[in-house]
Amino acid sequence: MTDSTLPKSSNEKARSNILQEVIGKNQFDDRIDTQSDLNTWEALRVIGRSLHQISSERSLFSAKVVLELALIIPGLYLPWLGKIVIDNVIQQRPFNTTEIEFPPFMQPVLTLVQDQDPLQIMLSISIIFIVGMVFLGMRTYGLGAGLHEGQDAATQAENQISASYSSGSGFLGLAAFMVGVRLTQRLANRLRTRLFERLSRMPMAVLDDQRIGDSIYRVMYDVPMAPDLFLQLTIVPFLMMLNAGINLYVLQYSYGDVSPELIWIAWATVPVAFLVTFPFSGAIRRTSQNKRAAGSATTNAMEESVSNVAAVQSLGATGEQSSRFAARSEQSFLRERYFIAVVIVCSCIFAAVSGLAGIYVMILVSDRIIDGVMSPGDYAALIGIFWSIAMPAAYLGAYWIKIQDVIAAVRRVFFFMDFESEEDFNQDGDECTSIEREITFEDIGYTYPNGTQALVDINLSFKVGDLVAIVGPTGSGKTTLAYLIPSVLQPTAGRVLIDGRDASEFNLQSIRQQVSYVLQEHAFLSATIRHNLLLANPNATETQMFEALEIAGCMEFVKDLPNGLDTRLGRGGDTLSVGQQQRLSIARGLIRDSQVLILDEPTAALDPKTEQSLLRSLQEAAGSRLVVVIAHRLSTIRHADQIVFIEEGEIRETGTHDELVVRPNGSYREYVELQNASV
Amino acid sequence: MFGLALKTWPYMRPLLAHLLFLLGLAGVGMVSGMAGIFVGADLFLNKVLIGEKLQPLQATVLFLGDEYVTTDPQQLGESLDLDKDRVFRDKSEEAESVELDPEEQLTPDQRRTVRDRFILWGIAGGVFVTLLGFGSWYYGTWVWQSVNQNLRVAMIERAESLSLRYHDHARVGDAIFRVYQDSSMIVNLIQGAILSPAMTAVSLLFTFAIVIAFDPLIAGFALIAAVPFVLLLMKSTKRIQRRSLANRVANSNLTSHIQESFTAVKVLRVNGSEPQIHEQFDRDSKRALDAAYHLRLDMVLLTLTIAFIGGVLVIGSEYVLAHWVIAERETFLGAAVAGLIGFAIWNLGGFEIARGRIESLAGSARYLLGIWMRMQDLFIALRRAFDLLDTPLEVKETSNPVTYPDPIQTVAWNRVWFSYTSEARPVFTNLSLTAEAGTVTAIVGATGSGKSTMMSLLLRLFDPDAGEVTLNGIDLRELRLADVRQNCAIALQKNVLFNETVANNIAFGAGNVSRTEIERAAEIANADSFVRALEKGYDTELGERGGKLSAGQRQRISIARAVVRNTPILILDEPTASLDARNEQRVLTNLADWGTDKIILLITHRMSTIQNADQIALLEQGQIVETGTYSELTTKPEGRFAAFAQSELLGESEGAAS
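Those protein sequences? They're chains A and B, same order as listed. Using my numbering, the first residue of the first sequence is number 1, and each one after it goes up by one. Using my numbering, the first residue of the second sequence is number 1001, and each one after it goes up by one.
No lab work stands behind these hints: they were computed from the structure. Predicted model, so just to flag it, every value in this text is computed and none were measured. Honestly, I wouldn't trust all of these hints.
[What the hints assert, rightly or not] Just a sample of chain A residues kept apart from chain B, beta carbon distances all over 12 Å, derived:
| # | residue |
| --- | --- |
| 1 | Ile23 |
| 2 | Trp41 |
| 3 | Arg45 |
| 4 | Glu197 |
| 5 | Leu248 |
| 6 | Gly282 |
| 7 | Arg437 |
| 8 | Asp457 |
| 9 | Asn459 |
| 10 | Ser504 |
| 11 | Glu670 |
[Said to hold, decoys possible] A partial selection of chain B residues facing chain A, derived with a Cβ cut-off under 7 Å:
| # | residue |
| --- | --- |
| 12 | Val1048 |
| 13 | Gly1126 |
| 14 | Phe1128 |
| 15 | Met1185 |
| 16 | Val1187 |
| 17 | Val1267 |
| 18 | Leu1289 |
| 19 | His1294 |
| 20 | Arg1296 |
| 21 | Gly1311 |
| 22 | Val1496 |
| 23 | Glu1544 |
| 24 | Gln1553 |
| 25 | Asn1583 |
| 26 | His1605 |
Glycine residues also receive a C-beta, built at the ideal position from the N, C-alpha and C atoms.
Could you build all of it, start to finish, from the sequences and the hints given here?
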């Protein structure tokens, strides 16, 4: 039946293709997380890890369990109190005239009301009700505060991350509810903070493969499913079984040991339901992965086009981008429906199993009634017993299949928690406290993960106190070389030595504290200028900031800004012109008082005047620091103490301008001649 | 709220037939389910378990003969709706009703037959209802997803068309949040804001009427209890709305924070700023969770208060009712309607039923409260969604556009005034410039002088505050926006690339272009050789934001992208800033050879790039202060350009000399 509800496009295909389309593995936007399938064993491992998470919130968890246990009390007392109202108040019967014994826990109440007349009893019981209501939520329902949700996984996440329910109300129920919200939230928060950290520390070499929209999707929309898994694994089944036990107890207490076979039938649904739904667990996980991957792809499309809206508009591509988004959003909704389709097939089978069990019980009981063994009145009681056991049993039976969707989401979270991260590199390495003498490249080679060889056999030494220029055609490996200095990339061959010690012995973060790096591309947070500058050096004083802004030629526009340093930059810094952004980016690099300063094409965006002032201050600074500049412009290069000319990943020449420019047929000389010719 | 609900109409309209059908399905499901339960309960409880004879219709449906059918006229007159009460009768009562005339009883075998046929029907009905239920689940999902899809796409289209003035101050995460979370609430509009409240209100009134019938005094209690309920509801509505808004804002900020952090991840990396960003994430994340927590706390507190009021009403009424039962007081309608209700005097049955009604009254009130609170959140969300859709477009499409001129002869800025915001210093004060086909116009000027803004006006990203930008003398505002943008090609200063293949990046926004054209454009931009050296050549994916290429390579792709569009106007904004001299020369020569009939506008700092331009325009203080060729301008005595070039060249040579 699911086939007929699929969209028309699929109808044209053969049946097997439809199956492939619905539960087949699909490739959306992922370039890193491409093996999304889980087998049963891996699913179990996800469960194991999830359970482990809960140990971090032990106190909240225990509080929730205790509160929920306490909330069972009203349910225990309520039927008996109701019975007193009916029998001893309304019907005005004296106590102890019925066969049914009150359970021991009712004794205090009985002592209280035993000798009262009906109206007094009613008063006592009303008072018990009121007090019970205020504190334990007696006679009122449980508490929940779910909000409306949308029709795809992303829009259901908001409810998930603060999901809670308490089985009673009153002050106790309120406490149970709020503890529940906090428990869910804390578990999710811990997880998403971790995930965010891991994602932000992915190795530079694979960073470009991880899409921003996907990161958003995983942090915002996959993580919230995780607490659900923890709770589904712990509190929910616990309470469910507890309730089942209590129901059984109450019913047996009132009706005696009736029809044990009913209880067996009820429990028999557990293995049957499990066995018939188990084959679907793979399909559920697969469709759930697919819907989430499709959601990520939609987020990517949206993020990319909104983030680059200026380019999209300039290139007249707004229509193209909207239809790209529309197609992906449609696809993500479709994937959501495929998931639902599998759930429906599963539920149908499940419904058939429990339906058959119900019918069997119906026949069994009605036969006895027709035979006159039981009275018609017993039917309701027996069926009541049956369902009160069959419901939790059915829950158990469907348990495995129910958590598959969540497992799929949690796998997506764990995937990037486990993925390579810079945190894993020599965390315990020594602190690099200063760089005093030199940085040496020893037989360095660098090959990108895709096999592109960017650097070969690099042997160099940069001395603190020097101004070094790295020169070469575009794409020759200049930036890759510079990235090796602050260990943004780790060499795939050879070693980088800091003052003679292998850089890999140092803790990464501490090396970067010693190096300031101005990137070719500039990026800003949409925060104030001050905040963006503080990113590079949280301790920078205002004087230092103005100094850096002055050198980078930013003062001429910063002083015109209405709020000066506290002007908020628009999205990605776009309220400034591109040239201004580049200067601000340089200022940010200068604000760190570090031994090593690397500037990647700093002067491309500068007019010659600003360039000169920057160069002059760089030269002044170079006395006590190492300044590495990647540049094309001769004006920048020629003052360098050392020029490294690099081409196709190899060093062609090193030396000063004066040395290199006289070398006949030298690569640098040729390069300089070309520049001169063009001026 | 009403206006907001109306605004959703255009997105629901295309699915009107489906929505109505869905509603019909739900109706059919509900009616057949109810009928099944009533008839089924009667058949099973009264006929099978107790052994009464069947109603004629029941026998027909079960394909049973006359021997099963009752002859008792009273039984025949008994309509189905009374069977409902029988279902809820308590055990002891049912036991009593077994004493019936044996003539009017089914034999045990007959009862088994009835039961078996009933079960067959039950299976058929169960299968039908299950399939109907699941079918309409899938179908309903599709219908509502489609409505949501319409709204989402409209929002994205709007976001893409809004002027950069809007975008410069809006955060990307906010757009994501609005398009996902806020827009998704449209799927709950009908159910959550119309059907559920209406149905609950009706059932509330109906229950209330029954309570009045039992006793107006109790109804009076209920009315008194309704006063604090309504007051609370009125008082808390604004508060819930505020909480809901705060929750949505906090979450959209968190989304923005993630987006911005990952966009700037390389900068954060080299600066070692991750700890700061993580700290901020933790803060923003907790803030978002707190907002969600407080919203829920308020909702639950309100629910609890209402539950208390309802509970006191129920318990208090029970107390009073118990007195009445003991005093054997007459019910309100009493003997007058004894035939209908059967509780002339307060007794156990009356007590149970009245108590049940009052409980359901309290329950409905609480349910209504839940609906009301969720509705506030729903409307806050929709308002945020429609805020985006309602943001006026600054650059408006004209209603009767002029045909795009062909061939283009001139582009002109005529006495243009422009400023980004009303407070800000104007960028242009009476700026004029004309560029002609077949020429290269170089625009020079200091950083931040407005060179790129001139191009933004030419692309109609903004409209001038005064003056006009014209093509062949036609104001851009009289042309179709799509024509204006599609007939300009720009190599942007910020080399924005997308996470797509090289070929798709070059063809971006250009519509259908062949692989040959793409390769030709790449050759002109001097990109062909490095592209071919990539892993998969033109089919290599460039990574997020094109991050796998060096800046110089990105710049050349960006130039190829402009070239492939082959438009009459070509804008190169700092095209060669990241190129080395050799590449710059090649690209510029190629472009000059290729674009002989085009209007080429070139923005640059580099003197080397502009020497061969047909016209150089110097932008200073919001105006074009000088135009002319390089030699004209440099030889002009006291010329502004001469001074500018002097300082530029001086800068360069000074750097070279010192």
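So, going through the hints one by one against the coordinates:
| no. | hint | in the structure |
| --- | --- | --- |
| 1 | Ile23 | holds (15 Å) |
| 2 | Trp41 | holds (31 Å) |
| 3 | Arg45 | holds (27 Å) |
| 4 | Glu197 | violated (5 Å) |
| 5 | Leu248 | holds (19 Å) |
| 6 | Gly282 | holds (21 Å) |
| 7 | Arg437 | holds (22 Å) |
| 8 | Asp457 | holds (20 Å) |
| 9 | Asn459 | holds (23 Å) |
| 10 | Ser504 | holds (17 Å) |
| 11 | Glu670 | violated (9 Å) |
| 12 | Val1048 | holds (6 Å) |
| 13 | Gly1126 | holds (6 Å) |
| 14 | Phe1128 | violated (12 Å) |
| 15 | Met1185 | holds (6 Å) |
| 16 | Val1187 | holds (5 Å) |
| 17 | Val1267 | holds (5 Å) |
| 18 | Leu1289 | holds (4 Å) |
| 19 | His1294 | violated (10 Å) |
| 20 | Arg1296 | holds (4 Å) |
| 21 | Gly1311 | holds (4 Å) |
| 22 | Val1496 | holds (4 Å) |
| 23 | Glu1544 | holds (5 Å) |
| 24 | Gln1553 | holds (5 Å) |
| 25 | Asn1583 | holds (6 Å) |
| 26 | His1605 | holds (5 Å) |
Comparing the model with each numbered hint stated earlier shows that hints 4, 11, 14 and 19 do not hold.
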